[in-house]
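K.L.:
Given next are the chains, with one letter for each unit.
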Amino acid sequence: MSAAATNYYDRKGLFATLGRDGMLQIILIANTVLMLAPIVIMVFSAFKTTPEIFKSPFGIPDFSQVANFVKIWTETNFLRYLLNSFVVTGASMVLILTLGTMAAYALGRYAFTGANFILMFFLAGLTLPLKLAIIPLFMLMRDLSILNNQLSLIFVYTAMGLPTTVFIMTGFIRSLPNELEDAARMDGASEARIMWAIMLPLVRPAMVIAGIQNVVPIWNDFFFPLVFIQNDSLKTLPQGLTTFMGEYTTDWGVLFSGLTLSAAPIILIYIVLSKQFIAGMTSGAVK
Amino acid sequence: MRDSGCDGNQPETQNSTSPLMGEDGWGVAASADPKIKRALKVPQLRMTGRGLWISALIVPPLCFVALFIVYPIVSAFAYAFFDWQGLKRLDFVGLENFHTVLFVEPYRSWTINAFKNNVIVFFALMVLQNGLGFILAYALWRELPGARFHRIAVFLPVVLSTIIVAYLFKLFYHPLFGVVNITLKGIGLGWLAQPWLGQSGTALGSIIVAQAWHMVGFPTLVFLAGMQRIPSEILDAVRMETESEWVKITKIVWPLVAPSATIVFTLLFVGAFNWFELPYIMGGLDGSPFGSTDVLGLYFYRTAFGNVSSGQQDFGLGSALAVIIFIFIAIVAGVITTRLRAREIQL
Numbered sequence: 007m008s009a010a011a012t013n014y015y016d017r018k019g020l021f022a023t024l025g026r027d028g029m030l031q032i033i034l035i036a037n038t039v040l041m042l043a044p045i046v047i048m049v050f051s052a053f054k055t056t057p058e059i060f061k062s063p064f065g066i067p068d069f070s071q072v073a074n075f076v077k078i079w080t081e082t083n084f085l086r087y088l089l090n091s092f093v094v095t096g097a098s099m100v101l102i103l104t105l106g107t108m109a110a111y112a113l114g115r116y117a118f119t120g121a122n123f124i125l126m127f128f129l130a131g132l133t134l135p136l137k138l139a140i141i142p143l144f145m146l147m148r149d150l151s152i153l154n155n156q157l158s159l160i161f162v163y164t165a166m167g168l169p170t171t172v173f174i175m176t177g178f179i180r181s182l183p184n185e186l187e188d189a190a191r192m193d194g195a196s197e198a199r200i201m202w203a204i205m206l207p208l209v210r211p212a213m214v215i216a217g218i219q220n221v222v223p224i225w226n227d228f229f230f231p232l233v234f235i236q237n238d239s240l241k242t243l244p245q246g247l248t249t250f251m252g253e254y255t256t257d258w259g260v261l262f263s264g265l266t267l268s269a270a271p272i273i274l275i276y277i278v279l280s281k282q283f284i285a286g287m288t289s290g291a292v293k
Numbered sequence: 107m108r109d110s111g112c113d114g115n116q117p118e119t120q121n122s123t124s125p126l127m128g129e130d131g132w133g134v135a136a137s138a139d140p141k142i143k144r145a146l147k148v149p150q151l152r153m154t155g156r157g158l159w160i161s162a163l164i165v166p167p168l169c170f171v172a173l174f175i176v177y178p179i180v181s182a183f184a185y186a187f188f189d190w191q192g193l194k195r196l197d198f199v200g201l202e203n204f205h206t207v208l209f210v211e212p213y214r215s216w217t218i219n220a221f222k223n224n225v226i227v228f229f230a231l232m233v234l235q236n237g238l239g240f241i242l243a244y245a246l247w248r249e250l251p252g253a254r255f256h257r258i259a260v261f262l263p264v265v266l267s268t269i270i271v272a273y274l275f276k277l278f279y280h281p282l283f284g285v286v287n288i289t290l291k292g293i294g295l296g297w298l299a300q301p302w303l304g305q306s307g308t309a310l311g312s313i314i315v316a317q318a319w320h321m322v323g324f325p326t327l328v329f330l331a332g333m334q335r336i337p338s339e340i341l342d343a344v345r346m347e348t349e350s351e352w353v354k355i356t357k358i359v360w361p362l363v364a365p366s367a368t369i370v371f372t373l374l375f376v377g378a379f380n381w382f383e384l385p386y387i388m389g390g391l392d393g394s395p396f397g398s399t400d401v402l403g404l405y406f407y408r409t410a411f412g413n414v415s416s417g418q419q420d421f422g423l424g425s426a427l428a429v430i431i432f433i434f435i436a437i438v439a440g441v442i443t444t445r446l447r448a449r450e451i452q453l
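Line by line, the protein sequences are chains A and B. Under this note's numbering, the first residue of the first sequence carries the number 7, and numbering increases by one thereafter. Under this note's numbering, the first residue of the second sequence carries the number 107, and numbering increases by one thereafter.
The shape of chain A in the complex, shown without the other chains:
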């Protein structure tokens, strides 16, 4: 699709091309510097002592100096927060992808009365800002007695993730060909077996897209833990970060390394899978 874009400008006058493209290139480079500078400064500062940060905030540090990280490792609950984030995000993703695929498979592969209504029901959840329903959600979690319990987060994230997942996967499952399924049905395979052994392997690409679209907001979420979780040992990473940042306000080296450690997992995965991340996170908006 981008080939068309490049061809369009191919046969311009050399000077005009250089002038305009040169300007656009400058804009891009300036922007990239602006985008990366805060992250680079954050990582550099993580390896400096506080006086070093104050004296030369832009200097390249001695990367073997990891005292800040050791401090975080040994003195704070950071590992606990990280582990909690993994548990909550992991459990939510398993539920979202399992339940989302189930619903999408039923809606996409079978025709039955009310299917469209049910799809609309799911899609309604796409546009509603759930933050505004936090008071009833708080009461609901209290009634289910899972306040201050990570189940409350897992349930809310699952419900929030289902609409987009059902939306993305139903479209994909509908587009799959019927031949394989029909052949298996002729051979007497059960519906469950057809779904599990024949159709699910084909659905993986859509699962990746739906998974990425949900995993980033869930991993990064701060609002629901803020309301639901009080115990320090149950806090997720973004929420734990606020506790931690409050404790070390004057030790900038530790603050920056805390931020760096929190950002590291998702930045590293993003660098490896940037294409899938971009496709996944814009998939609701790009159709």
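Don't read these hints as lab results, they were simulated from the structure. Among the clues, some could well be false.
Simulated pairs of lysine to aspartate or glutamate, EDC-like, Cα-Cα distance not exceeding 20 Å [to be verified]: (1) Lys291(B) to Glu58(A); (2) Lys354(B) to Glu450(B); (3) Lys354(B) to Glu339(B); (4) Lys354(B) to Asp27(A); (5) Lys357(B) to Glu450(B); (6) Lys354(B) to Glu249(B); (7) Lys357(B) to Glu339(B); (8) Lys354(B) to Asp342(B); (9) Lys222(B) to Asp392(B); (10) Lys194(B) to Asp149(A); (11) Lys137(A) to Asp149(A); (12) Lys357(B) to Glu347(B); (13) Lys137(A) to Asp392(B); (14) Lys77(A) to Glu58(A); (15) Lys281(A) to Glu249(B).
Place chain B on chain A using the hints.
P.N.:
What follows is chain B alone, placed relative to chain A:
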């Protein structure tokens, strides 16, 4: 009431039976092309193996959405009509809560102040985030050398947690040791150095800049995807007609990426009026200094759950605020979407 969402849907999927279905419950249409399905009349569910199977697939996910999305949102509306004391619901008070937050001081001026700030945030981000995003998308679209790298770089902050971004910029804006002021002093603009987050005049703007840095990659890549879908025939035709870059952008590219603009504008609107995390970390729950960074999200949270200085919480007033914000967002987002859809061109 809470369980009605789950149970209510189950019979609906199963009760109706179809005269068209075969004895075993497998219809022709079950696996046929969607068009044929519609022509054949959609088979209905019954309590045969097929009906049970489909229900087993669809009921658990429906329950989650019903219980944790639909039920809370419906209840939020109900809560607003009652008087609350802590977690206890008292009497039905009609529209009193709405009247209080809209017309009784000091709530009235708090509401107006927060709403005014949300409007500022929305328009500022329209320019900084979406405007810049369009320009960046246009630059990336040319596939100049390094475009792939620039594309990855512009989207990198988007994957970061808002909390990380908030703390990072809070440190950068520090009056003495923050890199913003140090840089300004370094390039001879020391007179511009100031306590960015500490004074009413600059606090909100500084937080908006952090938000724009965080999210500019999103509209950029949505616009870019829109541009890449413009058919090459149209671009070739334009090349014959005009040399002016401005004409190309305003008359061709901009109208043709209208669907992307619709989505990006609507999402920004909903996001701007739900804004919470950045001002919460950078300005605090009270929107300091002096309410200059107070927005509806903070104000709603504070009213519902209380703040540090006063633990007073009022679910009734909080719910009324939530309902007002909700209705406002729904109506305006609806208007924006339909207005913008109308100018989209079908290719």
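K.L.:
Each of the hints needs a verdict: does it hold here or not?
P.N.:
The hints, checked one at a time:
With a C-alpha separation of about 18 Å, the suggested pairing of lysine 291(B) with glutamate 58(A) holds against the 20 Å cut-off. Between the alpha carbons of lysine 354(B) and glutamate 450(B) the distance comes to roughly 17 Å, so the proposed pair stays at or under 20 Å and holds. Only pairs whose Cα atoms come within 20 Å are accepted, and lysine 354(B) paired with glutamate 339(B) is accepted, the gap being roughly 14 Å. Of the supplied pair hints, the one linking lysine 354(B) and aspartate 27(A) holds, its CA atoms being roughly 15 Å apart against a limit of 20 Å.
For the given pair, lysine 357(B) sits about 13 Å from glutamate 450(B) by alpha-carbon distance, which is consistent with the 20 Å threshold. For the hint linking lysine 354(B) to glutamate 249(B), the alpha-carbon distance of about 17 Å falls within 20 Å, and the restraint holds. For a cut-off of 20 Å, the pair hint linking lysine 357(B) to glutamate 339(B) stands: about 15 Å separates their Cα positions. With a C-alpha separation of about 11 Å, the suggested pair lysine 354(B) and aspartate 342(B) falls inside the 20 Å cut-off, and the hint holds.
Straight-line distance between C-alpha atoms of lysine 222(B) and aspartate 392(B) comes to about 15 Å, which keeps the hinted pair within the 20 Å bound. With a C-alpha separation of about 12 Å, the suggested pairing of lysine 194(B) with aspartate 149(A) holds against the 20 Å cut-off. For the given pair, lysine 137(A) sits about 19 Å from aspartate 149(A) by alpha-carbon distance, which is consistent with the 20 Å threshold. Proximity of lysine 357(B) to glutamate 347(B) is assessed by CA-CA distance (about 12 Å); at most 20 Å being required, the pair is judged to hold.
Taking the CA atoms of lysine 137(A) and aspartate 392(B), the gap is near 18 Å; set against the 20 Å cutoff, the hint holds. Note on lysine 77(A) and glutamate 58(A): the hinted pairing holds, with a Cα-Cα distance of about 17 Å set against a maximum of 20 Å. The straight-line distance between the Cα atoms of lysine 281(A) and glutamate 249(B) is roughly 16 Å, inside the 20 Å bound, and the hint therefore holds.
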